[in-house]
Amino acid sequence: MDSPWLLAAPWWVCRRSLLCNCLVPRLPSPLSHPLHTRRENMAGEYVFLAAVSLLSACQQGYFAKLVGNCRMKHKIMPPAVTGAPEFERTFRAQQNCIEFYPVFLVVLWTAGCFFNQELASLLGVFYMFARYKYFFGYAESSKGRLLGFYMSLIALFCLVLLATAGVANGFLDKYFDIDMLKKIHRMF
Amino acid sequence: MDSPWLLAAPWWVCRRSLLCNCLVPRLPSPLSHPLHTRRENMAGEYVFLAAVSLLSACQQGYFAKLVGNCRMKHKIMPPAVTGAPEFERTFRAQQNCIEFYPVFLVVLWTAGCFFNQELASLLGVFYMFARYKYFFGYAESSKGRLLGFYMSLIALFCLVLLATAGVANGFLDKYFDIDMLKKIHRMF
Amino acid sequence: MDSPWLLAAPWWVCRRSLLCNCLVPRLPSPLSHPLHTRRENMAGEYVFLAAVSLLSACQQGYFAKLVGNCRMKHKIMPPAVTGAPEFERTFRAQQNCIEFYPVFLVVLWTAGCFFNQELASLLGVFYMFARYKYFFGYAESSKGRLLGFYMSLIALFCLVLLATAGVANGFLDKYFDIDMLKKIHRMF
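Chains as they are written, first to last, in our numbering: chain D, 41 to 228; chain C, 41 to 228; chain F, 41 to 228.
Heads up, some of the hints might be wrong.
[As the list claims (entries may be wrong)] Selected chain C positions facing chain D (in silico; Cβ < 7 Å): (1) Ala90; (2) Tyr141; (3) Pro142.
Hints listed in this document are in silico derivations from the structure and should not be mistaken for laboratory results. Glycine included, every Cβ here is placed at the ideal spot set by N, Cα and C.
Let the hints inform the model, and build the full structure from the sequences given.
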């Protein structure tokens, strides 16, 4: 009831609160878990995936900005989303990128965490390039979107394959302690 | 200044680079963190959530494909998104699924990581089934969407409840070292 | 071929299956990894980010509900998305929030995991407030959206800066064992 942890709690909450945490040096804490000291390392494991995700998020923001520019150019006032064909194409190009963005993130991270981070990141960069081709191709003409679109489908398909293999391996590893990926790794 | 780590750095970057990492066997490395050897296990912890996320990503891709098929059937050329009522319904059904997809992923993973992975995955599968009912119901008639929509709301609501309980427990655990979930677990 | 693990496998899969896992007390298992016992702690590390993500997911659901209410008020039957200007503005406001939601999640988690969780969560709360201003401002008039929109851009921009710094630090840490963030931390 009267343990020293309970007495220390308000001070503890204060010390861990938002501003303190940024400004005050971290004292060794009586409640800290051993894993807390390794936080940067754990996140750092997935630094490639994080870099690709961050870049693709910036790409999405860039596409949104281009749609805004196109809107201004053709004087289409929000909330309207119809008008000049060029604007409609640019808008649909961005909408299609948005539709596929969460799907891309899911397969990128699943493939990266369960199969191979570097391969997944490479495919992620290829996907971003495909989306770049798609967006600017679509903005020019309806036909122009096809090349980039098929390239992005190839990237997604490869990521889904890797992710499926990785998750299947994860189940084998979890329930039967058979890690096929590690075995294949060792053969080379 | 002249430490062996700095001299070894270029070789190290090369060895860890994309292609090498896939083809060359992993030598024990002087810079490796102890956690690196457990990567598969850490990801493997959340293999159920990853499997459900991957399946739902495939479902989203499948819906996108069906909208494309419906577009071809009614000869509606992009970037148009209006025309035959059947196409408009199918398109809106997919748009609604896309709107809720990131929300679904957030509550699925929060509930799975902080409350119980297996329960969250089960609700995730139920959500996917509800979205399946919704999509095909909506494609047939506007009224047909309601059953699937309410089912998906129930799934999301349960996931939000679990996630809220889990996050609240996470705060208690972090600041007061009280892990209610573990206590409840032990009672049975 | 005939190892005890293989014989025990069906029982093991059953014991780990969905319902069992919730109801049966966890026995010490011969196959369990040492990390499994620390699951709550690992997830608990990112409890602030999870709480902000959960709240923002609820906000997205709330916006979707308001669009539904507005649809009923103006008697615009799905799948139509045009009609009364108030509905069109509300609908576009929600669509814009949806567009930026995955981008927000990516930069929030990257900034939180690689730079500083508390700072990123604070910016995440600010972003949610900005989106709240944006949504209700846009529902009233097209001009009303601007303040909230610029506020949300500031929040996103800060998160991108933090995330970029964090990821750059992650690469330095991974390949050269230089952790700038820790060094800066120690200076204070």
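- Out of the numbered hints, which ones does the structure contradict? Violated hints: none at all, because every hint is consistent with the structure.
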